[in-house]
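Protein chains in written order, with the working numbering: chain U, 1 to 370; chain B, 1 to 335.
Treat the hints as calculated values from the structure; they're not laboratory data. Heads up, the beta-carbon is just placed ideally off N, CA and C, and yes, glycines get one too. There's no promise every hint is true.
[What the hints assert, rightly or not] Interface residues of chain B toward chain U, partial, derived using beta-carbon atoms under 10 Å:
no., residue
1, Leu131
2, Ser168
3, Ala269
4, Leu273
5, His293
6, Ala315
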Amino acid sequence: MRRLAYFLTRRLVASVFTLLLVITLTFVLFWAIPATPPAQYLYPFAQHLSNYQIQRGNHVFGLDKPKYVQWAKYVEHLAEGDFGKDWNGTHINADQSVTQVPINDRIIRETRITLSLLLGGAALVLLLALPLGAFAARYAGSIGDRLIGFLTLIAICTHPMVIGLILRTFFGDQHKWLPDGGYCTFGHHAVPISSSFNPFFSSASPSACAGGPWPWFEHLILPWVSFALLFLALYTRMARASVLEVMHDDFVRTARSKGAGEPRVIGRHVLPYAGLRILTMIGMEIGTAIGIAVYIEAAFGLHGLATDAVFTFAGSSVLDLPVVLGIVTMITLIVIVGNLLVDVLYAIIDPRVGSVTRTRSTAGIEPVVV
Amino acid sequence: MRNRPTLRRFLRDRGSVVAGLVLLIVVVASLAGGPIASTLLNHDGSDLFPYSVNENLRPVGPWSHVPAVNQALSLPDNSIAPPPKHAKRTLFVLGADSEVGRDEFIRLLDGGKASLEIGLGGVLVALAVGLPLGVLAGFYGRWLDAIISRITELVMAFPLILLLVLVSVRLRPTLEPISIKHVLPPGVLEVALTIGIFTSFYPLRLIRAQMLTLRHAEFVEAERMIGASNRRIIWRHLVPHLLPTLLVWGAVAVGTNILLEVGLSFIGAGVPLTTTTWGSMLVTTWGTIYSPHTYNAQAFTVWLTIFPTLAILIAVVSLNRVSEGARRALAPREL
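Looking at chain U on its own, in the form it has when it is part of the complex:
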């Protein structure tokens, strides 16, 4: 237990440094990429910004201070849980005073949506990949195994966006069995989706819903399935490979020789090993998962963190620094916390923390799909 605590503390400290490094990198990248002056947000209709306007903009956004002061201020606010105010929503009132909108609400609302998607999808993958993989490995070469192999290949090669839109078309639009997109909050408060937030998004407007656990669940079934299919395919193949790999290992033979039945051998000895492998992979692929979430959110009209990241990065000609920083920080946090969780789970399942996977190299090079 003490070793685990020590291990976790070390990871935690390292995580804080990673986060600071990411924020620094974002700052550096932001200033390195050429763009029009941020003051454009303050004077959206100005053809050419005057010097005064540029200075006023810089002053309002706090850009007239040295870069390191800006950095320190941002980190200070972040430590208090404040993501700052966005540039895009800033405007000058009639009396020349300036109104700014905090972005905390937006970031948190979007994070909720993306996390719902990620966690539900991960649960689906964890529940199904192991049994399917174990079945395919146990009956390797059978029709079932071949069928699973073929279906996983199709799932890997069909783009998640296409899968999502096909499912939405078939279940949502054609047969109306499930809602055809949109997000419903878990709590009973309908959160109105502000129209100013995303001028690019012209897909089906999410239907108004009062919220609640069941509508939330119902709206997320299709996104979860289409999100999980790709990873389910990848992990089923991996589970099959790792089960096959250890089927004839010493510890499995020992289990057999002391008279354990087939279910016990598979369930108690083989599967935990394959499970650890999958857990490691999941920890490594949280970033990829957020990348896939972009398409799923877009296909189902969920205004989550992942799509907002793309819209912010690619959308307007001026990057909105506070929003970029907020999104990047949040995504990094998700990756870091996810990895910590995986580490804790790992330590609980395998008391030797990592010794199994460290001695074994992965057999093949798994295709990495984004």
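With chain U's structure known, arrange chain B on it following the hints.
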């Protein structure tokens, strides 16, 4: 001569040989198929045939003869006239691609060319970046290794697609001038460059890991004892050892890059509209993430999803299978 047994082992595995043949067909069809089909069918992938679409804008299905008329005729009341009675007809082998009516078959072949070029180009760029860095990190180690490894981990943890979007959208004006005109379709080189640079971490890590184990191998020690320089050891003895790994990785990575290109197209950060890729064909049918196409029962045809997806499936699966075969042939004991 040295590689004879490897080749023989590869040829003995029937699955790999079949996959290799399929891959060869795909490559030849993509490279030469477009121009040949255009000549035979008398139209090319960018010609518009408005009459290959019915009144509900549903494109015709596979193997249809459509009126060879490139412009819709209108009646005096501005409605669209039926095609002229005696218009010549032209063959659409796989049907039409969308409401504008282009030949899906020729687009599939042209798209294959661009997609494969992006896949292969991305791998070459990734190797050009990853090989030197991986060798440096693995061979010299110490602080250089620490820096390169930390950066690698940091970048790999962040969603790759977001980095690709950021770079390809923000740096497009910078990248646009560097494209080889007349050799590669517009946009292919840019996409290959961005994909290549950001996927260079995979070969980098592979190479670093191998270098770490190889640098204390006996033959390296022996070489050092007879006074060979580091450079000679690296280029004459260590890099050749990496080739099998890189070959196996490369084949898989071409497939991965093709899939990445599809993703970039969906985000609107891929090749320009004038270039056809398998990704942009899917985008024609389903729309980008900014405006996914909503369901329209009358205009919907399933073929337009099946063909590009099937093409990607065949290419990726045969590449993976060939890679797998190569791995077994190169290291039969590990299996």
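How the hints compare with the structure:
1. Among the interface hints, the one on B/Leu131 is violated; its C-beta lies about 16 Å from the nearest C-beta in chain U, farther than the 10 Å criterion.
2. For B/Ser168, the suggested interface contact is upheld, since its CB lies about 8 Å from the closest CB of chain U, less than 10 Å.
3. Of the supplied interface hints, the one on B/Ala269 holds, with its beta-carbon coming within about 6 Å of a beta-carbon of chain U, less than 10 Å.
4. Taking 10 Å as the C-beta contact cut-off toward chain U, the hint placing B/Leu273 at the interface is violated, the least distance being around 16 Å.
5. At a threshold of 10 Å, the smallest CB-CB gap from B/His293 to chain U is about 7 Å, leaving the interface hint in force.
6. Of the supplied interface hints, the one on B/Ala315 holds, with its beta-carbon coming within about 9 Å of a beta-carbon of chain U, less than 10 Å.
Hint violations for this structure: numbers 1 and 4, all remaining hints satisfied.
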